[in-house]
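Q: Here's the letter readout for the chains.
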Amino acid sequence: AQSVTQLDSHVSVSEGTPVLLRCNYSSSYSPSLFWYVQHPNKGLQLLLKYTSAATLVKGINGFEAEFKKSETSFHLTKPSAHMSDAAEYFCVVSDQNYGQNFVFGPGTRLSVLP
Amino acid sequence: DTAVSQTPKYLVTQMGNDKSIKCEQNLGHDTMYWYKQDSKKFLKIMFSYNNKELIINETVPNRFSPKSPDKAHLNLHINSLELGDSAVYFCASSQPGTARTGELFFGEGSRLTVL
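Protein sequences appear in the order of chains U and Z. The numbers in the numbering used here rise by one with no breaks, and the one at position 108 of the first sequence is 944. The numbers in the numbering used here rise by one with no breaks, and the one at position 103 of the second sequence is 134.
Hints were generated in silico from the structure; no laboratory data involved. Certain hints may be false.
To be verified - Below 27 Å or equal to it, Euclidean Cα-Cα: the simulated DSSO-like pairs (lysine-lysine) are:
| id | chain 1 | residue 1 | chain 2 | residue 2 |
| --- | --- | --- | --- | --- |
| 1 | U | K878 | Z | K40 |
| 2 | U | K878 | Z | K53 |
| 3 | U | K878 | Z | K50 |
| 4 | U | K904 | Z | K75 |
As the list claims (entries may be wrong) - Calculated Cβ distances over 10 Å to all of chain Z for the following chain U residues:
| id | residue |
| --- | --- |
| 5 | L843 |
| 6 | L856 |
| 7 | L892 |
| 8 | I896 |
| 9 | E902 |
| 10 | E907 |
| 11 | H911 |
| 12 | V939 |
| 13 | G943 |
Note that the coordinates shown come from a computational prediction; the quantities given were computed from them, not determined experimentally. Just so it is clear, CB atoms sit at the ideal spot from N, CA and C, and this is done for glycine as well.
Please build the complete structure, drawing on both the sequences and the hints.
A: Okay, here's the thing in structure tokens:
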């Protein structure tokens with residue numbers, strides 16, 4: 837079975853400082869991994885995805901994530917936080933062997949302080 | 032032109048009523064989903080259809096019944112609404128790849144409030 841753990845339910849950073857949102861996954865096969873962002877009262881938007889051999893994945897708005905198979909991790913980073921980054925972030929795992937089932941982590945709320 | 036659209040966006044109703052939420056995607060995807068997001072923002076899959084065929088049916092009360100008239104539409108009907116059904120319901124679609132999973136495309140969500 838697949839599962840996702842997001843180690844921090846809430847992360848608070850100052851504007852201009854780095855962001856690190858942690859994600860660990862469990863999957864029996866080679867997974868696809870995603871990060872989605874949800875701004876207040878909005879739908880979910882794809883930030884980036886890992887589906888190939890390139891382990892460092894770049895996404896929109898300066899975010900990137902590194903797939904580390906040995907650590908079963910897919911942490912999300914950004915060098916410099918912006919006020920507009922304040923939102924809920926979800927790490928997602930999927931595997932075609934599970935019938936296209938996308939399993940969401942519990943989410944991490946990112947606050948950005950001025 | 033919205034890729035995945037859901038209606039209505041807001042729904043306020045009384046306990047015991049029956050309501051439906053409609054979803055349409057114009058991306059040509061084969062697979063569609065319904066997710067429920069609770070008050071703690073946790074997203075849980077409810078159903079998934081691939082080309083009109085049910086492929087994922089999680090532990091959901093049988094008061095919830097999905098219907099897929101064609102692969103571009105997946106509607107959700109809820110009978111005898113309960114207070115605990117209050118949530119945001121998201122429709123999504125994806126296109127399975129030959130080797131890897133395609134990503135999910137989400138609608139804007141339908142906020143259901145049961146009084």
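Q: Now, for every hint given, state plainly whether the structure supports it.
A: Taking the hints in turn, this is what the structure says about them:
1. Taken as a hint, the K878(U) and K40(Z) pair is honoured in the structure, with Cα atoms around 11 Å apart against an allowance of 27 Å.
2. Note on K878(U) and K53(Z): the hinted pairing holds, with a Cα-Cα distance of about 18 Å set against a maximum of 27 Å.
3. Between K878(U) and K50(Z), the direct Cα distance comes to roughly 22 Å. Compliance with the 27 Å bound is thereby established for this hinted pair.
4. The suggested pairing of K904(U) with K75(Z) holds, with an alpha-carbon distance near 25 Å, which does not exceed 27 Å.
5. In this structure L843(U) is separated from chain Z by more than 10 Å, as the shortest Cβ-Cβ distance comes to about 16 Å.
6. At roughly 20 Å, the least C-beta separation between L856(U) and chain Z is larger than 10 Å, which holds for a residue marked as non-interface.
7. With a minimum CB-CB distance of about 17 Å to chain Z, L892(U) clears the 10 Å threshold, and the non-interface call stands.
8. Interface exclusion of I896(U) from chain Z stands, the closest Cβ pair being 13 Å apart, more than 10 Å.
9. Distance to chain Z confirms E902(U) as a non-interface residue, since its nearest Cβ pair spans about 18 Å, more than 10 Å.
10. Distance check for E907(U) against chain Z: the nearest CB is about 21 Å away, which clears 10 Å, and the non-interface claim stands.
11. No Cβ of chain Z comes within 10 Å of the Cβ of H911(U); the nearest lies about 19 Å off, and the non-interface call holds.
12. With a least CB separation of 8 Å from chain Z, V939(U) falls inside the 10 Å interface cut-off, contrary to its annotation.
13. In this structure G943(U) is not separated from chain Z by more than 10 Å, as the shortest Cβ-Cβ distance comes to only about 5 Å.
Comparing the model with each earlier hint shows violations of hints 12 and 13; every other hint is respected.
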